[in-house]
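Whole structure, please, built from the sequences with the hints as guidance.
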Amino acid sequence: MRRHGIPALLAATILVTTPVAALADSLGAAIVGGIIGGAIVNSAKPQKKVYVQRKTSPSVSSASRNQNREVQTSLNYFGFNAGTPDGVLGSRSRAAVSQYQAHLGYPATGHLTEFERQFLVTSYNRAQIGGPDVIKAMQRNPQGVKGLLVVWQKEQMGGSRQFAGHSGMGYAGLPIEVSDAVDEIAQSSEPSAEQLLQRAGFIQTADLNQDGKNDYIIDTSVTGSTFWCGQTECATLLFASTADGYQRKQFMYRLNDTRTNKITTADFQCDYAGCKMNDPMLASAAAPAPAAGATTMAAAAPSLPGIAAIPMTGAAAAPQTSLASYCNKVNVLTSSNGGYVTAASMTDPSFALGEQLCLTRTYAIARGEEMMKQVAGMTVEQVDAQCDAFGPALAPYVASLATGSAAEVAGQVQKFALTANMTLDQLKSTGAICLYSGYRRDKLDVATGAALLLVGAGDTPYAETVGHHMAQGFGVAEDMDRATQWYDMAITALDGGAAPVYAPGQADRVEVLKAAVMGGSPVQPMATPQPAGLPTFELKKP
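Count the sequence shown with mature numbering (1 follows the signal peptide of the UniProt record, and there is no 0) and you get residues -24 to -1, 1 to 518, in order.
Any given hint might turn out to be false.
[As the list claims (entries may be wrong)] Only pairs whose alpha carbons sit at most 30 Å apart, straight line, appear in this in silico BS3-like list of lysine-lysine:
(1) Lys252 to Lys305
(2) Lys238 to Lys419
(3) Lys122 to Lys349
[Unchecked claim] Pairwise CB distance ranges, derived in the manner of DEER restraints:
(4) Asn232 to Lys130: 35 to 45 Å
(5) Asp484 to Ala453: 22 to 32 Å
(6) Pro372 to Asp220: 52 to 62 Å
Since the hints were derived computationally from the structure, they do not count as laboratory data. Backbone N, C-alpha and C define an ideal beta-carbon position, used for all residues, glycine too.
Given below as structure tokens:
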């Protein structure tokens, strides 16, 4: 017995003390001593075979992966970068979750509660369905698609579907419909709703339809908002009284060269058929005094009432186009159509491209606003001045869009960028901020140059922006044939796995572009430009 007892005791001691050393750090010497003592006492007893069940980390089920992938896709759509939707919630996804939670005022733990997950995914699905409510919410909120979460969170908490600035009761003396419009405008301009109401000329009243009730006009020229008032045109809203409340109509009126003219109630005419606006600028421009050397066409018969002969001058001045005004009109039509055109529902490719142009503009402005918060030591005016300063440097490349192919111009911009003493990150930050600056101020030469710079820096999907500008004639001469080459470049990059720079959660956008631009013909691959450099904006480290 003794011969067998001692070896058994030693063996048991070795077997038990092997994992004990690893436990000592976490459990403490006293506990370890107890384990060893118990092992020595028990070693005198007959030894039994011990079967150890090893536990392995449970693998992620297919259902969990799908759920995680759904979360990642939703986060990406709302602007919280969760990376590629692979179904694995790693560090990047956790960081995106924290940003989403902080955005809505939840504890930023990086781990979603079931309520937070359901709200995120439900909001994504609701946004994908679209409709007038979604489009209006995106247009009204300066945060763009990310602002939908806040709007729907308030709605879920019992808030009104309307804007909450007037608490659903209307500002003093104003109908609900007018109060909603005031809040809508305030969300896209610097002054608050209360400050706008105090501005002379912002709201005007008159009984336009002669029904004994006040009708209301809102003039957005006094707001300072580039969304409502561009370089050449401003929006004005008319609220005409009806038996069921107030009917809203939106008009655009031309600005003079000094942008000092305003719209008044006298410029509107209402009758039983509805209301119309008589733009004073258009009326005064209908029959200007003939210029020197001009030829006036003589009428062969008396002209009809309201029709004047048009003087013919030697050369027509190039019209100034405002992208802000254009997108304002497009957004109104999109809203009335019930949502964006899809590849399946497309009947007007030109309008579909216009919608995508305005969508990308919205995303570029939203991204630029976020980046501006990180610009160190510079005001918005200083940033605008720097963006204007590099405009002349890129002007030759913008001009070459009218004569060169997309591949040629992209290669030239790439070489130009390589000569700049900037890192790739600095170059891309500069391009994105100046794209925002150009769009915000409706300076389309700056925006076009910034888009070219981003393409030259290797962000090839920005070629879509160049294509939009050429297709619609903003910042460059309209040329659909050459625009198609830029669209092809962007589509090829996206099909090849390049990260989307606009609306990353809307995968069907590429199909819309293909249907509108190429009609199903295959895209020829284009060479991807390499990174390069210009003005530098130092971003604060988080």
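Quick rundown of the hints versus the structure:
no.: 1; hint: Lys252 to Lys305; verdict: holds (17 Å)
no.: 2; hint: Lys238 to Lys419; verdict: holds (23 Å)
no.: 3; hint: Lys122 to Lys349; verdict: holds (16 Å)
no.: 4; hint: Asn232 to Lys130: 35 to 45 Å; verdict: holds (41 Å)
no.: 5; hint: Asp484 to Ala453: 22 to 32 Å; verdict: holds (30 Å)
no.: 6; hint: Pro372 to Asp220: 52 to 62 Å; verdict: holds (58 Å)
Checked against the numbered hints above, the structure violates none of them.
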